[in-house]
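> Listed in order, the protein sequences are those of chains A, B, C and D. Residues 2 to 509 in my numbering are what the first sequence spells out, letter by letter. Residues 2 to 509 in my numbering are what the second sequence spells out, letter by letter. Residues 2 to 509 in my numbering are what the third sequence spells out, letter by letter. Residues 2 to 509 in my numbering are what the fourth sequence spells out, letter by letter.
Keep in mind the hints are simulated off the structure, nothing from the lab. Do not rely on the hints blindly, as some may be mistaken.
Each pair may be met inside one copy or between any two copies, as identical chains are not told apart.
[As the list claims (entries may be wrong)] Cross-link-like lysine to any residue pairs, in silico, SDA-like; alpha carbons within 25 Å at most: (1) 18 x 195; (2) 461 x 390; (3) 488 x 338; (4) 432 x 268; (5) 58 x 410; (6) 71 x 488; (7) 58 x 436; (8) 246 x 235; (9) 299 x 312; (10) 317 x 436; (11) 432 x 266; (12) 461 x 298.
Spelled out, the chains give:
4 protein chains.
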Amino acid sequence: MVVNQSVRELHHFIGGKMVTGTSSRFADVYNPSIGTVIAKVPLADREEVKAAIDAAKAAFPAWKATSVGKRVEIIHRFRNLLVENLDELINTICEESGKTKEDAKGEITRGLESVDLALNAPHLLKGEYSVNVGGDINALSTKSPLGVVATIAPFNFPIMVPLAISSMAVAVGNSVILKPSERVPISALYLSKLWQEAGLPDGVWTVVNGDKEAVNELLENPTIQAISFVGSTPVAEYIYQTGTKHNKRVAAFGGGKNFMIVMPDANLEQTANAFLGAAYGAASQRCMAISGAIPVGKETADRFVAILKEKVAALKVGPYTDDSSDFGPVITEQSKNAIIEHINTAITEGAQVVVDGRNPSISANSNGFYLGPTLLDHVTPTMKVYQEEVFGPARIIVRAESLQEAIDLINDHELGNGVTMFTNNGLAARKFQEEIEVGMVGINVPIPIPVGYHNFGGWKRSKFGEGHMFGPDQARFFTKSKTISEKWLSNDEDNGSSFAFPSNNTIS
Amino acid sequence: MVVNQSVRELHHFIGGKMVTGTSSRFADVYNPSIGTVIAKVPLADREEVKAAIDAAKAAFPAWKATSVGKRVEIIHRFRNLLVENLDELINTICEESGKTKEDAKGEITRGLESVDLALNAPHLLKGEYSVNVGGDINALSTKSPLGVVATIAPFNFPIMVPLAISSMAVAVGNSVILKPSERVPISALYLSKLWQEAGLPDGVWTVVNGDKEAVNELLENPTIQAISFVGSTPVAEYIYQTGTKHNKRVAAFGGGKNFMIVMPDANLEQTANAFLGAAYGAASQRCMAISGAIPVGKETADRFVAILKEKVAALKVGPYTDDSSDFGPVITEQSKNAIIEHINTAITEGAQVVVDGRNPSISANSNGFYLGPTLLDHVTPTMKVYQEEVFGPARIIVRAESLQEAIDLINDHELGNGVTMFTNNGLAARKFQEEIEVGMVGINVPIPIPVGYHNFGGWKRSKFGEGHMFGPDQARFFTKSKTISEKWLSNDEDNGSSFAFPSNNTIS
Amino acid sequence: MVVNQSVRELHHFIGGKMVTGTSSRFADVYNPSIGTVIAKVPLADREEVKAAIDAAKAAFPAWKATSVGKRVEIIHRFRNLLVENLDELINTICEESGKTKEDAKGEITRGLESVDLALNAPHLLKGEYSVNVGGDINALSTKSPLGVVATIAPFNFPIMVPLAISSMAVAVGNSVILKPSERVPISALYLSKLWQEAGLPDGVWTVVNGDKEAVNELLENPTIQAISFVGSTPVAEYIYQTGTKHNKRVAAFGGGKNFMIVMPDANLEQTANAFLGAAYGAASQRCMAISGAIPVGKETADRFVAILKEKVAALKVGPYTDDSSDFGPVITEQSKNAIIEHINTAITEGAQVVVDGRNPSISANSNGFYLGPTLLDHVTPTMKVYQEEVFGPARIIVRAESLQEAIDLINDHELGNGVTMFTNNGLAARKFQEEIEVGMVGINVPIPIPVGYHNFGGWKRSKFGEGHMFGPDQARFFTKSKTISEKWLSNDEDNGSSFAFPSNNTIS
Amino acid sequence: MVVNQSVRELHHFIGGKMVTGTSSRFADVYNPSIGTVIAKVPLADREEVKAAIDAAKAAFPAWKATSVGKRVEIIHRFRNLLVENLDELINTICEESGKTKEDAKGEITRGLESVDLALNAPHLLKGEYSVNVGGDINALSTKSPLGVVATIAPFNFPIMVPLAISSMAVAVGNSVILKPSERVPISALYLSKLWQEAGLPDGVWTVVNGDKEAVNELLENPTIQAISFVGSTPVAEYIYQTGTKHNKRVAAFGGGKNFMIVMPDANLEQTANAFLGAAYGAASQRCMAISGAIPVGKETADRFVAILKEKVAALKVGPYTDDSSDFGPVITEQSKNAIIEHINTAITEGAQVVVDGRNPSISANSNGFYLGPTLLDHVTPTMKVYQEEVFGPARIIVRAESLQEAIDLINDHELGNGVTMFTNNGLAARKFQEEIEVGMVGINVPIPIPVGYHNFGGWKRSKFGEGHMFGPDQARFFTKSKTISEKWLSNDEDNGSSFAFPSNNTIS
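Isolated chain A (complex conformation) (with noise of 0.2 Å):
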């Protein structure tokens, strides 16, 4: 794999123009599946973000005085680009992020999920209308924009998250501020673009590229008045405590360590293959990746971890230029080495390999951050494979005696984003449904990412704060309720003065 490409330098997105970075500090942008360096990324400091934010505010009153239907328009409009530009997206994607293109279109896809929810804004504005709650009063509902709101994106999906987290903050009035990963800002600023082809108003959609200290401006800017944040949870849960120390209203997702029941009655080959995607795809770059399976009774596990030994062993990690890859390489190469330093870790404490991936023979290209997929068993609660989220090809196999203990297990475990198990029984799969403490089930489905028009979001320390930034509940996230009690006087009537708590309710 050959990539002739300068090292271009990257702009940020402000009032409507690429704007050329005045910190003098960059970050390199690297294509992962060769360890080149493409580009090199601005990052911001307080004067730009606070720039940044004072163009959005600017634009915030026009764009909240359209009426919802125009500004749906729009939407429209940037839902048909995307679509006319799904080749070039891919590419970008590819390359900053290293995923392969089938992946990278199944994100975009994912992507338009979100584009297509933010055209039902009309719907999903709606208020509410009482008519006389008592003494010929209507009470009446209305959801107001919010103002400017910063979203802040992680690395492995460049384009999704970003569409996934300000579509709907768009459509519903607001001024957006996108600070991307700083691995994968290309895939922000080609949005950009988009968004402003489709009609949208300058200023209403912001791309600030940055660090640490553009998102501190972020969480500290009184202007700013939502935060949503997609990455890791430690991340997560300083965003949502350095946001709320300053009043903002803050959603935070973080990281998750999600597993695959697997129950005696499943069909075991099946269950490998579900497995080895929702595994090992995006090299397990997901938040929503299975981190590990738990099959439930000895005979269960000797029999699923043999059919995966085969089966995780011929899985082909490679380039995105090569069709056959399932899978590409990790970001970075500090990544790459945190993720064997994982594999080490849990072999001194006792796990069982069953496929090594730490060193892959990839011909394409040497000094790309390749990892080979490996395969974990015996890992127990007490190994910090299994305590941590492992954003990379290791995965684990946790055996329990019933489907109780794989229960308990999961509720115990501090992360809670997504599981799933794979049974024919009602029965069970009603009791993990019910039972379970995760924000995201499947049952014989192997990645259990709900569809756009549902809510995503985990539980426990997956997720910080009450809001969802997916689904339908994103319209309540990214607007506020005023409540509305209207009364019209006749001036030949007197009301008199009323010192008791008004009540529309009598006791009798």
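On the provided structure of chain A, position chains B, C and D as indicated by the hints.
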């Protein structure tokens, strides 16, 4: 007025039992109408709060597992008991808060609206169900109770606020710990009795009396999943920042500076009557009390103040035992002094006294914490009495030249709880309704408190957190969403492995 | 069993008064457990019905203008009275319908669910409110009561169906005329007493006793806005066609032929127990009674029939005064004869008698309309006993080779009220749930009646009309929607004239 | 204006193919602007309609089984094609209906709102899900498509009404048969082309051209599950009564007599301008056209008529090829004559002619079906021109002494489609909004057509049937509800038999 009453020692209500305080710290509970201590309330230390939390936690699993139909059946009985105990509840409120009987009855009636709302739990708990969102997957969602939640209530509505911020929490399956104001613990304990009589299992409802130490334990204890608070803005902010620092879901409602815009076309006699009750009722100790009027235009202001001068001066302050009292004392001697200090400062800063209530003649009992009604004219935004919530019967007139100026004044204030306007003009009302940056809006409604089945909550520094603790959104605040993707497999089909990110749409 | 009772003359309940019938036509009301006439019920002629309609019409405007909060307050009191009068209601039901006390209590409890649903009227009446749908227009909608509506109830649920098809109608502001079955008028009149005691204004609730003449006046009278009916399919069809011919809104619920599919993996002992109560309870006189079982596979059928044979034969039929009775008599002598005729015909057509209930030995009282439990095996789709609803304790076994055949059989039947399946297999359950052409579906639930806050209603010839009379959609059936587009003009702007069709979107 | 065009023979669109008519009956399609036949449209006989129904039925199962996401994807493409074909669609509408280009564009834009609404199908199809409604039963509901549905459209909106009454029907999974007006079949056939190009499977969308014979087959054929109709009141009534006689679900929208109340405080110049477009636009051939004004008070009436006299007289009627035309011809020569007859009768009955449009001078083409604008004053309720919908540019003034009289007049009229009022007074507007017996209400909005995401529909004889065919309630009209009660059993527990009626509540 003579009340002959020994000083009782109050309890906590933990695990279905009245429990004696063990901290050896107590607070005095006054009858503010006579300025006499009627009870001493134990102030829980951290260990006592922990014990209460443990009891609540122990009760949760069984309560959660109880069908919503059976939970609501208990709410029905609780509602009936509230109605049956109406007179006793009124007396309890009046005695410890000083408000008039009519006002106490209004409070209870309003509280019943929250209980009625909780009867809707079966509807408000419904999740969504979608057939075949793609690949024969059905998607569904559920709302699960959070676990143990805490509600921290203010002194000014001893019954209504506890009902409002706990009935739904109970109905949807949580265990609830109420920390009432140490000024009015008797009402909260009375509710405990009724809950128990209604058949609520022990531990589902808890009352812990205390001060900041108890609050801090509730804010920091990892078992507590959510905090709902009603009180002053500084404390609301503390609650929000501290609760979220411990990763909790928090909704904290603070104070208000609620203005009544008086338009030139309004019937000023009607409007003045509306003002009286809304501004001075309950000695102005309501977060939704009208703090002041903004007449539009000099002529309107002059006429309105002239009408008010006479009416305000005629208001009668006195004990609840006298049915002709328009309002009663403020809650404490300290509060009385603070309000007088507010008036003094305002005069120093240039406000003009229309009616002076600093030295009321109260024949009934000279030791009660009484203040007469005060009205200050020509108040301006730079004055302290304008900027801060005054929790007592000192109300202000702020003069504006135009509707736009009136709206701008209100929008520039840091609080945004309630607001109202008196006019017959549809265009003015619409402009006001749309542009005003306040959460609860009245049009010709003196106190724009939404009816119980609509959302309650302010904007800006009157409310911290996304959630609504009153109104139908309560059911969301006190639950968490789980989304399930369900599919059933045939053993003889093999879906293979998919390494791409899953989506149910296709782009073509 | 000895009931000493003179034959009372019953009344109508019109305008808040018990009114003597003037038509000089009467029907006998029996106690079916002893076969004795206990009352005679007047059959209204058209003039009497018109008078009732006039009284209901006169009451409508004030009731509509009453706030929903006050209307619901009456529903609360009505609910409490139902609970307080439980024993008396049970006795009334048992006496005129013959069902067991436990069954009567179940019926009332279920009826209470409909009353509870009506308590949700404030929510279910909410309209929608959209700000600035374009051109500064706000759009809003309201739900208005229809006016005078009629509900026509069957004999088999003397209390539940009247509650179910009228509570919401009352709560949302209509005047309701109930025509109960002339077999069970005493229960309906009892309800009238409770409504009045609860404070419902005179004329809002009316009971007109009668037969087809009264029904026809209700169907044809232009004041009647909507008809809700529950009964047999031929009458439901007549009601739908005749009511709509007079331009009314009609929902008419007919009969059922409700099958239980028994899968080979089901626990047949459990399933047989579930079958017994669902099939023979209330002497099978329920539109949701299980009419028959469809075991899948010969082995399943043989085993299931063997188990049932013993259990069915052991069932005890007898009067409600004997607590050990499993079920009581059928409603009339004619009904008894018709069921025997059904059995005779089935035998002629080739059905095999497993248990024969045609000649039960009832020591208690030989004049009651008793039938023992009958079970017929090898019933096929060409037999009359298969095609028609049999409203009495003759149940059938239909044998199918496969799940697909079972589903096809059910889908080919003209009725589609209820159906259930017993299995532990998730895939089978899903296939069944998706493909079955029936409105109410059970999975391991013997009688799949939805809980009160979900919709009730069959498909195919089991229900005529779009509307739902039970469940939350009731509030829609009993109201009509008004949509308001509101704008306020400034006198000094001129919008000119637009001759194009107005739209708030633009195409560009 | 010269249009050189041969007379084309049109087709049906059945099973994805343009099909030649075989009945040998045809109707002439005119260009009303030049009075010339431009096409002949085949009138299907019953056999042709049956064949179309068969093709639609054959397509249903696969379309129903298609996930809603994929169905909506086709709606997206269809929407894009409508926008791309805008100019061609405008020309088609103008040619066969005679309306102006601007008006045709407005119609299409409005039609797009219905397509946008259909994009919300994933949300609007959601069922409800309740966990543990008692006894570990989960209750859930789904919405299933009906099967083959028919929509019968009028001439006055050749594109908008077909889009409005079919887009959602398609999106939720039905096969749809459109019978367009035989006056405007070309537009309907154009839509067929676009549906096919968008990827809609053959048979899901069908166009059958015809007259009453085709309509009757649709009304009687048992395969047709639902009928939606828009047209005149007498035909709507026929459709409702005939469709329901065949047990179908029917929503039939009829005509309107839509008044504009003019209050004394209204700006009469503004109001007159609003009246012009709303009353005479599209040659008044809209069911929501303003039929007349009701000025309140003699002074208001005199001034308003004086202003209108001048403005109405200045209106320009002419062909769509002339951009300065305010409106075009009426649809046929017969329609023209009927309107003239209406005017003649009104004059005989005592109406005063303010502006007489019976003999317009149209230089462009003397053979078009043109009528100038007519305004009649002093019209009273006894006149025919008051009682009936006049589908052409003859509008009336009805004088009322008070708002109450104006409201009473409107409420006494048998039609109740639309109504509007011009005023600045909030109290008057509220009284009007509450008391008026009309389904669609404007306040200072000349044509109160609700935006696409709110419900559309009149009251009284303007709408037959419960359902809404426009707006979000469409999704209910075109689906049926299934309620599932689901439980899973453990093989080792035995629940025994229950003979009582099942309920999940308990009374105690």
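> Next, verify each hint and record whether it holds.
Hints, verified against the model:
1. 18 x 195: within (13 Å within a copy, 38 Å between copies)
2. 461 x 390: Answer is within: at 14 Å inside a copy they meet the 25 Å cutoff, but 38 Å across does not.
3. 488 x 338: neither (67 Å within a copy, 37 Å between copies)
4. 432 x 268: Cα proximity of residue 432 and residue 268: in one copy and across copies (20 Å, 19 Å).
5. 58 x 410: Between copies, since 20 Å is at most 25 Å while 47 Å is not.
6. 71 x 488: between (31 Å within a copy, 18 Å between copies)
7. 58 x 436: between (45 Å within a copy, 16 Å between copies)
8. 246 x 235: both (16 Å within a copy, 13 Å between copies)
9. 299 x 312: So residue 299 and residue 312 pass the 25 Å test inside one copy only (20 Å; across, 42 Å).
10. 317 x 436: Neither: 37 Å inside a chain and 41 Å across chains, both beyond 25 Å.
11. 432 x 266: both (15 Å within a copy, 19 Å between copies)
12. 461 x 298: Classified as neither: same-chain Cα gap 27 Å, cross-chain 47 Å, threshold 25 Å.
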